[in-house]
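Given next are the chains, with one letter for each unit.
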Amino acid sequence: MKRILLVDDDEDLLELYRETLQEEGFSVDTATNGREAVEKVKEKEYDLVVLDIRMPEMDGIEALGYILGERKDIKVVLNTAYASYKDNFLTWGADAYILKSSDLSELVAAIKKLLCL
Amino acid sequence: MGGKEGPDIRDLLKIDEFLHSALELDQALCRILTALTAGEGFGFNRALLLLRKGEYFEGEKWIGPVSHEDAARIWEELERKKITLQEMLEQCGEKRENVLSKKAKEIKIHYEKLQGYLERKVRIGEPEFFSEILGTREFAFLPLIGRENCTGIILADNIYSGKKIEEIDVNMLEFYGAIAGAVIERALLYTELRKEKERYEQAYRKMKELQESTRRVERLAALGEATAMIAHELRNPLVIIGGYTDYIMKKLEPGEKLQEKLKVIKRTVRRLELALMNLSGYLKDVSPGYRSLPLSSVIQDTLLILGPEMEKMEIEVEKEIPEGLTVWGDPELLRHVFLNLLKNAVEACGRGGRIRIWCEERENEFVVSVDDSGPGVKREDVEEIFKPFFSRKSSGLGLGLSIVKKIVDAHGGRIEVKESPLGGASFQVYLPKGGEDEENIAR
Numbered sequence: 775m776k777r778i779l780l781v782d783d784d785e786d787l788l789e790l791y792r793e794t795l796q797e798e799g800f801s802v803d804t805a806t807n808g809r810e811a812v813e814k815v816k817e818k819e820y821d822l823v824v825l826d827i828r829m830p831e832m833d834g835i836e837a838l839g840y841i842l843g844e845r846k847d848i849k850v851v852l853n854t855a856y857a858s859y860k861d862n863f864l865t866w867g868a869d870a871y872i873l874k875s876s877d878l879s880e881l882v883a884a885i886k887k888l889l890c891l
Numbered sequence: 194m195g196g197k198e199g200p201d202i203r204d205l206l207k208i209d210e211f212l213h214s215a216l217e218l219d220q221a222l223c224r225i226l227t228a229l230t231a232g233e234g235f236g237f238n239r240a241l242l243l244l245r246k247g248e249y250f251e252g253e254k255w256i257g258p259v260s261h262e263d264a265a266r267i268w269e270e271l272e273r274k275k276i277t278l279q280e281m282l283e284q285c286g287e288k289r290e291n292v293l294s295k296k297a298k299e300i301k302i303h304y305e306k307l308q309g310y311l312e313r314k315v316r317i318g319e320p321e322f323f324s325e326i327l328g329t330r331e332f333a334f335l336p337l338i339g340r341e342n343c344t345g346i347i348l349a350d351n352i353y354s355g356k357k358i359e360e361i362d363v364n365m366l367e368f369y370g371a372i373a374g375a376v377i378e379r380a381l382l383y384t385e386l387r388k389e390k391e392r393y394e395q396a397y398r399k400m401k402e403l404q405e406s407t408r409r410v411e412r413l414a415a416l417g418e419a420t421a422m423i424a425h426e427l428r429n430p431l432v433i434i435g436g437y438t439d440y441i442m443k444k445l446e447p448g449e450k451l452q453e454k455l456k457v458i459k460r461t462v463r464r465l466e467l468a469l470m471n472l473s474g475y476l477k478d479v480s481p482g483y484r485s486l487p488l489s490s491v492i493q494d495t496l497l498i499l500g501p502e503m504e505k506m507e508i509e510v511e512k513e514i515p516e517g518l519t520v521w522g523d524p525e526l527l528r529h530v531f532l533n534l535l536k537n538a539v540e541a542c543g544r545g546g547r548i549r550i551w552c553e554e555r556e557n558e559f560v561v562s563v564d565d566s567g568p569g570v571k572r573e574d575v576e577e578i579f580k581p582f583f584s585r586k587s588s589g590l591g592l593g594l595s596i597v598k599k600i601v602d603a604h605g606g607r608i609e610v611k612e613s614p615l616g617g618a619s620f621q622v623y624l625p626k627g628g629e630d631e632e633n634i635a636r
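For the record, the sequence lines run as chains A and G. Residues in the first sequence are numbered from 775 upward in steps of one, following my numbering. Residues in the second sequence are numbered from 194 upward in steps of one, following my numbering.
Bear in mind the hints are in silico, worked out from the structure with no lab data behind them. Among the hints, a few may not be true.
With a cut-off of at most 25 Å between alpha-carbon atoms, the simulated DSS-like pairs for lysine-lysine come out as follows [as the list claims (entries may be wrong)]:
no. : chain 1 : residue 1 : chain 2 : residue 2
1   : A       : K886      : G       : K444
2   : G       : K459      : A       : K886
3   : A       : K776      : A       : K818
4   : G       : K444      : A       : K776
5   : G       : K401      : G       : K295
6   : G       : K306      : G       : K295
7   : G       : K459      : G       : K536
8   : G       : K598      : G       : K626
9   : G       : K443      : A       : K887
10  : G       : K207      : G       : K306
11  : G       : K399      : G       : K388
12  : A       : K846      : A       : K776
13  : G       : K443      : A       : K776
14  : G       : K512      : G       : K401
15  : A       : K886      : G       : K443
16  : G       : K356      : G       : K274
17  : G       : K626      : G       : K571
18  : A       : K886      : A       : K814
Here are the in silico distance ranges between beta carbons for each label pair [claimed, not checked]:
no. : chain 1 : residue 1 : chain 2 : residue 2 : range
19  : G       : P447      : A       : L864      : 38 to 46 Å
20  : G       : E426      : A       : L864      : 47 to 55 Å
21  : A       : R828      : G       : K388      : 57 to 65 Å
22  : A       : W866      : G       : P447      : 18 to 26 Å
23  : G       : P625      : A       : E831      : 32 to 40 Å
24  : A       : L864      : G       : P625      : 19 to 27 Å
25  : A       : D833      : G       : K571      : 23 to 31 Å
Calculated from the model, a selection of chain A residues having no Cβ within reach of chain G, i.e. all distances over 10 Å [what the hints assert, rightly or not]:
no. : residue
26  : E797
27  : E810
28  : K816
29  : L878
30  : L888
Here a beta-carbon is modelled for each residue, glycine too, at the ideal position from N, C-alpha and C.
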């Protein structure tokens, strides 16, 4: 079973994502900011991280750097409400950029594609 | 045509009145010559006027019949129609090109050739070289001397009627020369004044346009910032509502009646999301048009806008931006940047303060710095000052510098705040160099 770490400061949103992705057959952990996410990546092996950008304490971009420093092969999906970062995500080392939407099928499809499912 | 001794002092005063009502140079010249050739005036056959232009006297106007036949025809017509001098003067201004007016334009005489003649004195048949131009030795030479300067000369003759010049009252003619000189002086001043006025009006219009476009960018930028924030705040809740609606729909039996209601929720959420996306698209109105811009005129434009305010506040501004430097950027957005920085500087240094705006060239970029003599930025604020909604002022949203930073970032540059040698803050904008100046944005 593929392991996914969800990172977002909105706990209701995390819950929705967790339930949706569990239904899809993933094992899911959550973190509510960048710092927590980095800690979790250090403790446990994940196949993929879904990362929000705007978060308190440590934002997604900074966390991305630490996460990739820790685990080079981990897949990262940036999932944000801002379309404006889209031009930069590849240079930051992320693998996909999904604009937050009530239609989660795009996010699920991107995750499956990155994990070769 | 022929008054025996020319106009008396009463006639001359009437003519004077008419001349003075002509403000335009061309009209004034036309009236001056008409009064010389009209029967009720001095009754000359032809009159040629040369204007002083720098070191030369240049032919400007020459009126009168072009031949004996023409003369006969015109005088007969004037006799028949009984046109008064007043009417003739009023009708002045219709431009008629003929042999004389064309010939006049070819005449150009250096002032040294006229030395000794340029005083308030009418001469007959002198200087002699004019007889070649006029085709007669019998002519009156009349310098037009107003308050002080000789603005022109008139040569008048009776080439068709052959009437002796001496018959005209020379004192009256000299008096007329002074009147005409003053009228020309005034018309020249008027022309100069009007040009000056046009220049001011143009500068004023440009300033207004700049202010307008600056205000537009400011409004759009503030609105864009606000909508982006609102859109972000609304997006998560919509994802949650829509996402869970989906989730519940999957849990329910396909035929369940509630499915329809949930579809409505789903559709509505989607609609809201699209509306938000359009709202964020609003910012596209200010999508920058990058090109190579002359840095100096971008700064000059902003100083033009703030000029009146700075003057009122008695702020001393030094601009040290060399001409010929170009930056790569959008003119409206960059103006917005410097307008904001300068506005802040004005507010910071207050009445009697000093602002210095200068520039330094680096390898691939320019540093443009706005220094002020105000209180400076507190150490603990340096990190905060470019964040949205940060303000130490009692009024304003605190968006100014955050927008400035955004624009500078978008230009591939950066902005820093330091201590200024003037005692206050020094905002330093790093901008990429431009190429050739593609277009002079000063318009």
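Here is how each hint holds up against the structure:
1. K886(A) - K444(G): Roughly 22 Å between the alpha carbons, so the hint for K886(A) and K444(G) holds.
2. K459(G) - K886(A): Judged against 25 Å, a Cα distance of about 24 Å means the pair holds.
3. K776(A) - K818(A): holds, 12 Å
4. K444(G) - K776(A): holds, 24 Å
5. K401(G) - K295(G): violated, 44 Å
6. K306(G) - K295(G): Roughly 23 Å between the alpha carbons, so the hint for K306(G) and K295(G) holds.
7. K459(G) - K536(G): violated, 48 Å
8. K598(G) - K626(G): holds, 18 Å
9. K443(G) - K887(A): Roughly 22 Å separates the two Cα atoms, so the pair holds.
10. K207(G) - K306(G): Judged against 25 Å, a Cα distance of about 35 Å means the pair is violated.
11. K399(G) - K388(G): This hinted pair holds, its Cα atoms lying about 16 Å apart.
12. K846(A) - K776(A): Cα-Cα ~17 Å, so holds.
13. K443(G) - K776(A): Satisfied, since the Cα-Cα distance of roughly 23 Å is no more than 25 Å.
14. K512(G) - K401(G): holds, 22 Å
15. K886(A) - K443(G): Distance of about 20 Å is within 25 Å: holds.
16. K356(G) - K274(G): holds, 24 Å
17. K626(G) - K571(G): violated, 31 Å
18. K886(A) - K814(A): Given pair K886(A), K814(A) holds - Cα atoms ~22 Å apart, limit 25 Å.
19. P447(G) - L864(A): 38 to 46 Å: Hint holds: Cβ distance 41 Å, inside 38 to 46 Å.
20. E426(G) - L864(A): 47 to 55 Å: violated, 28 Å
21. R828(A) - K388(G): 57 to 65 Å: About 58 Å separates the Cβ atoms of R828(A) and K388(G), which means 57 to 65 Å holds.
22. W866(A) - P447(G): 18 to 26 Å: The hinted range 18 to 26 Å is violated for W866(A) and P447(G), with Cβ atoms some 42 Å apart.
23. P625(G) - E831(A): 32 to 40 Å: Taking Cβ atoms as reference, P625(G) and E831(A) lie about 34 Å apart, which means the hint holds.
24. L864(A) - P625(G): 19 to 27 Å: Given range 19 to 27 Å: holds, Cβ gap about 22 Å.
25. D833(A) - K571(G): 23 to 31 Å: holds, 25 Å
26. E797: Per Cβ check, E797(A) is inside 10 Å of chain G; nearest 8 Å; violated.
27. E810: holds, 18 Å
28. K816: Given a closest Cβ separation of 27 Å, the condition holds.
29. L878: Per Cβ check, L878(A) is inside 10 Å of chain G; nearest 5 Å; violated.
30. L888: Given that every Cβ of chain G is farther than 10 Å from that of L888(A), nearest at about 20 Å, it holds.
Checked against the numbered hints given earlier, the structure breaks hints 5, 7, 10, 17, 20, 22, 26 and 29 and satisfies all the rest.
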